[in-house]
Each structure stands twice: as structure tokens, then as C-alpha cells.
Amino acid sequence: QKEVEQNSGPLSVPEGAIASLNCTYSDRGSQSFFWYRQYSGKSPELIMSIYSNGDKEDGRFTAQLNKASQYVSLLIRDSQPSDSATYLCAVNSGANAGNMLTFGGGTRLMVKP
Amino acid sequence: EPEVTQTPSHQVTQMGQEVILRCVPISNHLYFYWYRQILGQKVEFLVSFYNNEISEKSEIFDDQFSVERPDGSNFTLKIRSTKLEDSAMYFCASSSGRGNEQFFGPGTRLTVL
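Chains V and R are the protein sequences, given in the same order.
Taking this note's numbering, I'd label the letters of the first sequence as residues 1 to 113.
Taking this note's numbering, I'd label the letters of the second sequence as residues 1 to 113.
None of these hints come from the bench; they were simulated from the model.
Check each hint, because a few of them may be wrong.
Computed cross-link-like contacts, DSS-like style, restricted to lysine-lysine with a CA-CA straight-line distance of at most 30 Å [stated by the list, open to error]:
1) K57(R) - K42(V)
2) K83(R) - K2(V)
3) K78(R) - K42(V)
4) K42(V) - K83(R)
5) K56(V) - K112(V)
6) K42(R) - K112(V)
Per the computed footprint, the stretches of chain V lying under chain R, defined by three or more beta-carbons under 8 Å from a beta-carbon of chain R, are [unchecked claim]:
7) 41–47
8) 80–88
9) 102–113
All values reported here derive from a predicted model rather than from experimental measurement.
Here a beta-carbon is modelled for each residue, glycine too, at the ideal position from N, C-alpha and C.
Bound conformation, chain V alone (with noise of 0.2 Å):
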């Protein structure tokens, strides 16, 4: 069974922060890596994506993927209340998976002003 663990929160930072979500994964497998943000009784927007190990930065927003340690993280620069929602992290495994993701429960989000 193909686990993504991710703490459901509430993560509260204050507006202009860092904020530092982290995500685990249980199939050593996996290939492809997301970060959607989801406000409340709203679809999963894509963030981010990330393939290989290292940093990938966008904007505010970086992705970090350490394979060998199955661990995904988001780094939110310069909070802004408008960021608060709820982040999923999804992930997929790979050829023999398909293309499913497999998503985490999310971790909420609150950016105080």
C-alpha cells in the first residue's frame, strides 16, 4: 500500500515568514513529486513539480526532494494571508504504477497578518 504522510496542522506563521511544509513517502519507487495548494471547497491547484533530488524554486515557493530519505518539503517565502489554504502532497510512482498520484491528507495552512 502506497503511503504519502503529511501533518494535517494547522501550521500558523505570521505574514512575511517562511513557512516549511513537509511531506513522507512510502514507495521507494516513486518518480514524480507535487505540491497543490487546495482552498476550502475548491479543486487542487498545481504549485509545483519536481523530479530529481535537490531544490526547485518558483517564485516564493521552493520544492525540496530527498529521495534517499523519501521526503518531500515546500518552502513558502514571505507569507502572505492569501497563501493560507490547505497544501497536498501527491505523489506518483512511477511506470509500473501508472500515473496515478497518490496524495497525502494535506497539511493546513494559516498566514496571520
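Starting from the known structure of chain V, arrange chain R on it as the hints suggest.
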């Protein structure tokens, strides 16, 4: 910017009735998916579809479910005889390739009474 669209946004049905949820994937995408999210729970994979056939399905996707691409633009999910436990948000997603980023539609909220 291209996006996935879904109709209807909300569907209310009686237990035992058939429902069809509709999706229009992003036009140059080749892989199509259905996911669902029961209120307060994780996003769960149902089925993936490529080259006019199911490429993968989960245990949730039993004989009551079917998918179809009736024309060059629509992708549908049919539930033959709805149960109370089918009440959930159903999300359609599409991607341009295997393992690539999946983009989600706004969802259909299905309520089974």
C-alpha cells in the same frame, strides 16, 4: 490559459439513480483521470484513461463505475446505481504525458440522498 472544465458543478440525486459527470480536459492533453474527495478526507484516485481505454483503476472503481470519451473533447464518468457513500467531490484531471503534471478541474459535488 487552458483549463479543465466540469459540469455540473453540483448534482443531487436519489440513491439508486444513475448519474453522469462531464469533463472537458485541456485540449492537447492525452491522459485523463477521475479522482474523488469525500468531505474531510484525502483525494483518492479512481481511474486513468489513455488512448481510448482505461489504463489503470483503483479498488473504488468497481462495476458501478464507467468512463467514456464519447467525442474528441468530452470525458465522462458514469455511476450506474448511486449509493449514499458515493457522495463526494469528483475531480477530473488531465496531463500531457505519463508522469507529467496533472491539472484538475473545478469539480462536481455529488450529493446522494
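* State the violated hints by number, sorted upward, taking the hints as numbered earlier in the document. => 8
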